[in-house]
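*Asks:* Protein chains in written order, with the numbering used here: chain A, 1039 to 1382; chain B, 1401 to 1842.
It is worth saying that the hints were derived from the structure and are not from the lab.
This structure is a prediction, so every number in the text was calculated from the model and none was measured.
Beta carbons: idealized from backbone N, C-alpha and C, even for Gly.
There could be a bad hint or two in this list.
Some residues of chain B that are not near chain A, with every Cβ distance over 12 Å (derived) [unchecked claim]:
no.	residue
1	T1443
2	E1499
3	F1510
4	N1674
5	N1716
6	Y1722
7	F1826
Lysine to aspartate or glutamate pairs mimicking EDC-like chemistry, simulated, CA-CA at most 16 Å apart [what the hints assert, rightly or not]:
no.	chain 1	residue 1	chain 2	residue 2
8	B	K1799	A	D1075
9	B	K1799	A	D1180
10	B	K1699	B	E1677
11	B	K1525	B	D1638
12	B	K1685	B	D1711
13	A	K1349	B	E1666
14	B	K1685	B	E1666
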Amino acid sequence: MAELWFALLGLMLTAYVVLDGFDFGAGTLHLFVAKSDAERRTVLAAIGPFWDGNEVWLIATGGVLFVAFPELLTTAFPAFYLALHLVLWCFALRGVAIEVRSHVADGMWRALWDTVFAGASLLLALLFGVAFGNIVRGVPVDQSREFTMPFFTDFGTTGQVGLLDYYSLSVGLLSVALLSAHGAAFLAWRTAGAVRERCLLLERKLWPAVALLFAVVTLETYFVRPELLGKLLTRPLSWLGIALAVSGCVVLVSSRRGTLDGRAFLGSCALIAGVLSAAGAALFPVFLRSTLSPAFDLDALHQPRNSIAMKFALGWWPFAFMLAVSYFVNVFRANRARVSAEDY
Amino acid sequence: MDDPSFWHRLQFGFTIVYHYLFPQLTMGLALIIVLWKWRALRTGDQQCDLAARFWSKIFGVNFVLGVVTGVPMEFQFGTNWARFSRYSAGVIGQTLAMEGMFAFFLESAFVAALVFGERKLSRGKHFGAACAVWAGSWLSGYFIVATNAFMQHPTGHTLLEGVLVLDRPFQFLFNPWAIVEYLHTMMASVVTASFVVSAVGAFYFLRGQHQEQARLYLKWGTRVGLVASLLVAFPSGDRQAKLVAEFQPVTLAAMEGRFESGENAELTFIGQPNVRERRIDNAIKAPMVLSVLAYGTPKRSVLGLSQFPVDTWPTNIELLYYSFHIMAGLGTLFILLMGISTWLGFRGVLTQTRSVLWILMLAFPFPYIATTAGWMTAELGRQPWLVYGLFRTADGYSKSVSSGNTLFTLIGFTGLYFVLGLLFLFLVGRELAHGPDQEAHG
């Protein structure tokens, strides 16, 4: 049961990163790929029907975490107290920026909210990358499971670590580059004209940057978590993830020879989903690795007995999940034509 | 203030009261928009279509503010109340997860179609989108109220190794307390929406703008408002009071500022509780009413606070007393105002009665105050418990989060929410100044 919920949570989190990832990326890039007001409106029209629903995947994942692994939630949330509040405030500013920017036809007003939108999107992509870096590197969880991490300590990766160090920052940068490239692929698919041209041009720089950062992070992981790469190579589910990521790359590159923008975006989705599932399979069953002692690791298999809640949730979850997927299919179908500035 | 739970409570209290200013309008307004769109679909009434379009814009601004202030509420269960969450996740995890999976996906998938999609969708499909948003927002309300109802009146659970686990899931999901609290909450939200709609109608009419739309808002606002105000009081408010009397008798005593027991218990209309002297100063009371309201007969004794150990008394009796009296007093006035307005409307003279229009226009803040006071009654009345009778508030906060961290985020929320509030007023003010126009929405 715990294994199943670990996998389902991984699935939801992957859906979240792939979906909200493209609107973080679009937000991060929009100042560069959309110059005129009409072009900015095009970007907003492209993500307009999606961003709120995409964000729900995070809320829903949190809710399911509450049911399946409350011990993890109640240990990790106070641990990341300030970082999570920063995430919340970024979400608030970003949502408001998207909503209010087109209400007032004034240059200064729109410039302000465009900048807020870009800054909050960038910071969110960075923070989620840093969070993922912390999961891989480990956190100073001890026996009491009651701790709060500072933003930084000595920038080292062992013992009493802080949120930021060279490793978590590298993962953060990789996250920014990857989600920006993903966002560019999304915008290239959804828009036409100058915005699309600029996105395609930018993608040619961003994807190589992603590859470079990916190599750096892999190398760093070898030093920070040597045993993790071994697990990556011995677990069949990780192979599947790697295969998915590689085929995503192939689809992405081959689509760019023609004008198969939708296919290229799918390739980008597969790449992200593949990397995340490979990492998830390698990390299983540990949620929170302790940098103090392996005895304090928090894992999925040693949770308080919670089987009735898990069983009951398994009764309704598939139904709710199918409904959610059907809404998304519906929204993507309803918005399948490329957008223009007049739509928003 | 040396107690760390003080800052956690202040932050949660502030952020939840602020958050709920928005959903209480969107949930009620969603219903009214569905009613207008239904009428427009059935009869081809252009004015109803126009009204739905105009109010969808107001809805959109409120919806976004509701979302961005709502996300922190979910997170705070983990960040600020980790020990409470660890204790109760086995039960309330279900409803919190269900809210995300069943309600938020539904709302978020269709709200863009409701606000921006009218030109692209057929009339039937656009009506469908309005219904989906209404259903999503009301479902969300149920899951949250069911969570709160468990904290007020735990049921369906059992204790295992010191934490709560789910034992009878359907008993938890359909907690009788949840059904009553849900009806009460939803009807209060319709009251808020109908007061706002009537107020805008009265405003336009008094200014001589958008006359036809103003008439429509006044007609629907006052009629829906009368029905909802009545339903808030009876049966839902009445049932709620009886549940409190039965399961939280010490709370009832504190709400009424009642220190001594006895039959023929009187209801206090006004007066100031003096907890140290154990009496109400300057009290104006109606004999027997409290016994009848709580138990249906004047013969039943209503227990006073002195019957209960002091460590089970609600921790802020004065504020609880005022919250309850403000809620109940305003609720009564709402029935009166909407009753008079609807009666004048039926006689066709409401739009000529300028004094009533002025009152309707100025009355819109009061449902917000009444709703806030109502939630304060529920939450202060639950003290000193987080889960009634099982888990104390003082044990619930995250131990590892220092007061310095909590105060830092509280200051952050205060600043951010101040800016959000200004933006909200500015944007809604602009929409109201622009008004409903005949052109298609752009």
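*Asks:* Could you run down the list of hints and mark each one as holding or not?
*Replies:* A quick look at each hint next to the structure:
Remark: the non-interface label on T1443 of chain B is consistent with the geometry, its nearest Cβ contact in chain A lying 27 Å away (cut-off 12 Å). Not every CB of chain A is more than 12 Å from the CB of E1499 of chain B (nearest about 7 Å), against its label as outside the interface. A beta-carbon of chain A comes within 12 Å of the beta-carbon of F1510 of chain B; the shortest separation is about 8 Å. No Cβ of chain A comes within 12 Å of the Cβ of N1674 of chain B; the nearest lies about 40 Å off, and the non-interface call holds.
Chain A leaves N1716 of chain B outside its interface by the beta-carbon criterion, the shortest separation being 26 Å against a cut-off of 12 Å. With a cut of 12 Å on Cβ distances, Y1722 of chain B stays outside the contact zone with chain A, its closest approach being about 31 Å. Annotated as non-interface, F1826 of chain B brings its C-beta within 12 Å of a C-beta of chain A; the closest such distance is 9 Å. Note on K1799 of chain B and D1075 of chain A: the hinted pairing is violated, with a Cα-Cα distance of about 49 Å set against a maximum of 16 Å.
Straight-line distance between C-alpha atoms of K1799 of chain B and D1180 of chain A comes to about 14 Å, which keeps the hinted pair within the 16 Å bound. Note on K1699 of chain B and E1677 of chain B: the hinted pairing is violated, with a Cα-Cα distance of about 27 Å set against a maximum of 16 Å. With a C-alpha separation of about 39 Å, the suggested pair K1525 of chain B and D1638 of chain B falls outside the 16 Å cut-off, and the hint is violated. Between K1685 of chain B and D1711 of chain B the CA atoms are separated by roughly 28 Å; this puts the pair beyond 16 Å, and the hint is violated.
For a cut-off of 16 Å, the pair hint linking K1349 of chain A to E1666 of chain B is broken: about 50 Å separates their Cα positions. The straight-line distance between the Cα atoms of K1685 of chain B and E1666 of chain B is roughly 6 Å, inside the 16 Å bound, and the hint therefore holds.
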